[in-house]
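K.L.:
Chain residues, written in single-letter form:
Number of protein chains: 2
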Amino acid sequence: MKYPNNLEKTYKNPLTYKNRGMDLEEYLNESNEYYREIDKALIYKKPTPIGVAEVSYSQRGKVIERGFFKEPSTLDYNGLYRGKYIEYEAKVTKNKTSFPLANIHPHQIKHIESVLKHNGIVFLIIKINEIVYLLKGDDFISYIQNNSRKSIPYEFIKEYGYMIKYSYRPTLDYLKIIDEIYFKEETYEKIEKN
Amino acid sequence: MKYPNNLEKTYKNPLTYKNRGMDLEEYLNESNEYYREIDKALIYKKPTPIGVAEVSYSQRGKVIERGFFKEPSTLDYNGLYRGKYIEYEAKVTKNKTSFPLANIHPHQIKHIESVLKHNGIVFLIIKINEIVYLLKGDDFISYIQNNSRKSIPYEFIKEYGYMIKYSYRPTLDYLKIIDEIYFKEETYEKIEKN
Chain U
23 MKYPNNLEKT YKNPLTYKNR GMDLEEYLNE SNEYYREIDK ALIYKKPTPI GVAEVSYSQR
83 GKVIERGFFK EPSTLDYNGL YRGKYIEYEA KVTKNKTSFP LANIHPHQIK HIESVLKHNG
143 IVFLIIKINE IVYLLKGDDF ISYIQNNSRK SIPYEFIKEY GYMIKYSYRP TLDYLKIIDE
203 IYFKEETYEK IEKN
Chain G
23 MKYPNNLEKT YKNPLTYKNR GMDLEEYLNE SNEYYREIDK ALIYKKPTPI GVAEVSYSQR
83 GKVIERGFFK EPSTLDYNGL YRGKYIEYEA KVTKNKTSFP LANIHPHQIK HIESVLKHNG
143 IVFLIIKINE IVYLLKGDDF ISYIQNNSRK SIPYEFIKEY GYMIKYSYRP TLDYLKIIDE
203 IYFKEETYEK IEKN
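For the protein sequence lines, the chains are U and G, in the order given. If you want this note's numbering, it's the 1-based position in the first sequence plus 22. If you want this note's numbering, it's the 1-based position in the second sequence plus 22.
It should be emphasised that the hints constitute simulated quantities derived from the structure, not laboratory data. One should not assume that every hint holds.
The list treats identical chains as one, so a pair stands whether inside a single copy or across any two.
To be verified - When the alpha-carbon atoms are kept at most 27 Å apart in a straight line, the in silico DSSO-like pairs for lysine-lysine are as follows:
| no. | residue 1 | residue 2 |
| --- | --- | --- |
| 1 | 116 | 139 |
| 2 | 92 | 158 |
| 3 | 62 | 172 |
| 4 | 172 | 84 |
| 5 | 172 | 118 |
| 6 | 84 | 149 |
| 7 | 84 | 113 |
| 8 | 118 | 62 |
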């Protein structure tokens, strides 16, 4: 059976259309939900920190009448994978040539350094030029320490980052990359045993 | 130098007065802040999950005009200690004879089971009869699985829980107990090496 070229594309890759409408955060939430469903990892997006200024009481409970968003000092997502602590931040930039560092607060940069020091797994997920990359925390920190630029060039992200491809479920299988980077030995051992 | 008995007490134990005014959550936040200061652990209270119903925009940014508190499906505190994932919930009960299980949502109970399965460290911190206890996640789950009561008797908490004593800094040194329970071997190895 033959379709005109554009239709065929739609059939072959049903995600293409969907991808356009959804943003990175939704994809990651969907992926984390899937990881929990198949009991692979327990990773959640942390609630946005909020300062509550006024409350009232209704029959359904406490209602916030006035609040404001606070600046986060940790990263957006954290949890537990293969017995290890994992934490990351997800950011989209419309910039084509670099990722502006203004996207990551100074408190968060310090926090990334601390997580590294305490042997946690920490990274950024950056969507740039419609491609999603995983950039390890240590590569991110080493860039900052060795450069005075206020953005990370796309070239650096392409060289040091790991591309996360879209798939059906999970939409963004970033743990596959985590396996390769952080659990390579264990993965090999498992293969050898089988 | 001598003081009347009541004054002497105030001097000897300045925490007594302070204890009355502060609640468990503040103590734990203070302790976690101290642990971060001395670079011992990275443990934070998660922000309360909030549903934002209405926002407005002011010069200072987005303002929440109406919101509501959501039911949490994970525990209140989580983080990283000695390379391990750690998560816990803190609860105070005014009940003297038992800890009502209504304090922990069914989703949270499932979550505790999952964290155990994924080799994370998970526990409850319960304040009952003015004493603070750490109850391991597996003891908590095993109580629930073997009993149909809707509360945990104080006797059980006294037998299986670990008392956390008040000190100056950190106010509640619960990681000392975590060391004893989960890192005993490593702690011994360290002592032997020295």
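K.L.:
Work down the list of hints and note, for each, if the structure agrees.
P.N.:
Now the hints, each set against the structure:
With identical chains, the CA atoms of residue 116 and residue 139 are never at most 27 Å apart, being 32 Å at best within one copy and 40 Å at best between copies. For a Cα distance limit of 27 Å, the shortest separation of residue 92 from residue 158 inside one copy, 26 Å, qualifies, whereas the shortest one across copies, 33 Å, does not. Taking CA atoms no more than 27 Å apart as the test, residue 62 paired with residue 172 passes in neither setting, with 37 Å inside one copy and 31 Å between copies. Proximity of residue 172 to residue 84 under the C-alpha cut-off of 27 Å is restricted to the inter-copy arrangement: shortest distance 26 Å between copies versus 43 Å within a copy.
Within a single copy, residue 172 and residue 118 get their C-alpha atoms as close as 15 Å, which meets the 27 Å cut-off; across copies the closest is 58 Å, which misses it. With identical chains, the CA atoms of residue 84 and residue 149 are at most 27 Å apart between copies only, with a shortest distance of 24 Å across copies and 38 Å within one. Within a single copy, residue 84 and residue 113 get their C-alpha atoms only as close as 33 Å, which misses the 27 Å cut-off; across copies the closest is 19 Å, which meets it. For a Cα distance limit of 27 Å, the shortest separation of residue 118 from residue 62 qualifies neither inside one copy, at 34 Å, nor across copies, at 40 Å.
Of the numbered hints listed earlier, those contradicted by the structure are 1, 3 and 8.
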